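**Q** Respectively, the protein sequence lines represent chains G and A. The number in the numbering used here is simply the position in the first sequence, starting from 1, with 788 added. The number in the numbering used here is simply the position in the second sequence, starting from 1, with 339 added.
Keep in mind that the hints were calculated from the coordinates and are not lab data. Predicted model only: the values in this text are computed from it and were never measured. Don't take each hint at face value.
Stated by the list, open to error - No farther apart than 27 Å at their CA atoms in a straight line, the calculated lysine-lysine pairs in the DSS-like style are these:
| # | chain 1 | residue 1 | chain 2 | residue 2 |
| --- | --- | --- | --- | --- |
| 1 | A | 400 | A | 412 |
| 2 | G | 850 | G | 873 |
| 3 | G | 949 | A | 363 |
| 4 | A | 515 | G | 949 |
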Amino acid sequence: MFSFLARRLITVFLPTLFGMSILVFGAMHAIPGSYVDVLLGVGQDITPEQRQQIVAQYGLDKSIPLQYLTWLGNVVRGDFGTSLKSGNTVTSEILSRLPVTLELAVLATIVSLVLAIPSGILAALHRGRWPDTVLRLFALIGLSVPNFLIATMLVLFISTKWRVLPTTGFVPVGDGLWPNLRSLILPVISLGALLAASIMRMMRSSMLEELGKEYLTVARAKGLQQRRIVLGHALRNSLIPVITVVGIQTGYMLGGTVIVEQVFAIPGIGRLALDAVNQRDYPMVMGTVMFIAAAFVLMNLVTDIVYGFVDPRIRVGGDHE
Amino acid sequence: MNELALPKAPSRGKTLRRLASRNKVACAAACILLVIVVLSLLAPWLHLPDPVAMAPVDRLKPPGEAGLMGTDKFGRSIFSRILFGTRISLVVGVAAVLVAAACGTVIGLIAGYLGHWQEYITMRVMDVLFSFPSIILAILIVSIIGAGFGSIVLAIALVQTPIFARIVRGSTLSVKNIEYVHAAEASGATTGLILRRHILPNVAAPILVQLALSMSGAITMEAALSYLGLGAVPPTPSLGSMLNENRSSMEIAPWTVLYPGIALAVIVLCINMFGDAVRDYMDPRIRKNM
């Protein structure tokens, strides 16, 4: 198990992160014009001495590879620099926004799992009949309709028409758990729809595949109840491919939070990133993009590990690309 | 698409009926799509109200009173904005997917056929691009180049290129050791000629399938970026930006977001259903089992 983990770390995780860091750094330095002007924004009147001072402060007089190495060294130590707008360190801003995004993502994952796994099993057991048709239609909608559209439609009907839930805005946990959860209901549905749809589809097809296998024919032949066949035997094996979907899609959900947080005015990392882009706060853009991307790769690594843990064939077999 | 694992094999008649019913859905999707594409491409010649010019007198008129789908807070016809917006979405989507397909095909062919370090470097770069959540990569690009259609096309293309590269590389690997390729090599054909004449035609099918599948992703991404204010610059209409800019008037004029939303959902659903059908048809494994 340990060597499997080490191999994944060295062959996939670290090279990908390294590549990402080059891309993010390169992208920021590919911005047209001098980086000093970019840092200062347009229309700033400064003397050459001040400019010199800024150049020295940010180490911009050094060569690009050296600047990159300095930046990378800081990033590895958790220092993403200072926000140009707020003056706080990028790391502290990210950390202060992290709990909100985490709460949103974790809730969306839990809700998706709770809804999608039973639905997937149900659809598989009733293949071709109406529960299957209805559930698959829902899955198709969840997969096709973009999250901001789901969000807009939810707000349109549930908040403005029926006035059941708040339209936008986020209530911190400090103001009570129920108001907090209430303000997250619509965001969680918008964010989780894609995840739930993917899990349900995978659960259905993997359950169908499992039910067709010989050992279950044997189980049926010896007179085992359907309930025990499905929950006792088929479920365990059919969950394996579902784990991959959950892992990968949860990673993608990090991207989805950017949009959902914007729609519902939730002060999370996604909104931080978007505000940074709009305000041309480049250290913040680099920091948030790098953070979300790293979380995404980490999520994939965790998926690999869990997968290897559940299915020993993968651990022993080595790399499965 | 999930018919891979049937508990028992259906009879031949059932298989045919299933195929027909599946195609019926795909046919319907294709027809709706065709109507939307034709309408939006012909939009400038349909004598529609100007989608950009403001007419404060007509602001927030409900459907029926002013045009088919009412007007927004600037008095602009929702219907013509939807058609012009769809037109832009389609152009951006097609352009981005074609750029991605072209780049991805070249990279995939080179990586698959040459192997060695060329393969290692190109595919690692593709892995890195693929490892970003797509919206984050797009945000990074837009933050450098600035909002606008050029940067969205580039952003979407960059997100989609690794998908094409992986598919083409995989297909190239499976055909490069077939005898006629060796024969061409032995007769002294250049690498470029072999790739163009002998390998490309054999990897074309999966590229076509992916073109269909990528379109819905590209259109969704365009809408998402425009929604976030990173794409279409106002007052240019786009389905995504319409949903965003009409949020403030949503409560008193629900039609201003309802119709653009329905339009976007219908387009993406139709493309997805059509793409799935194309994939099922092209994949003999699934076709056989259906």
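**Q** Checking against the hints above, which ones are violated?
**A** 3 and 4
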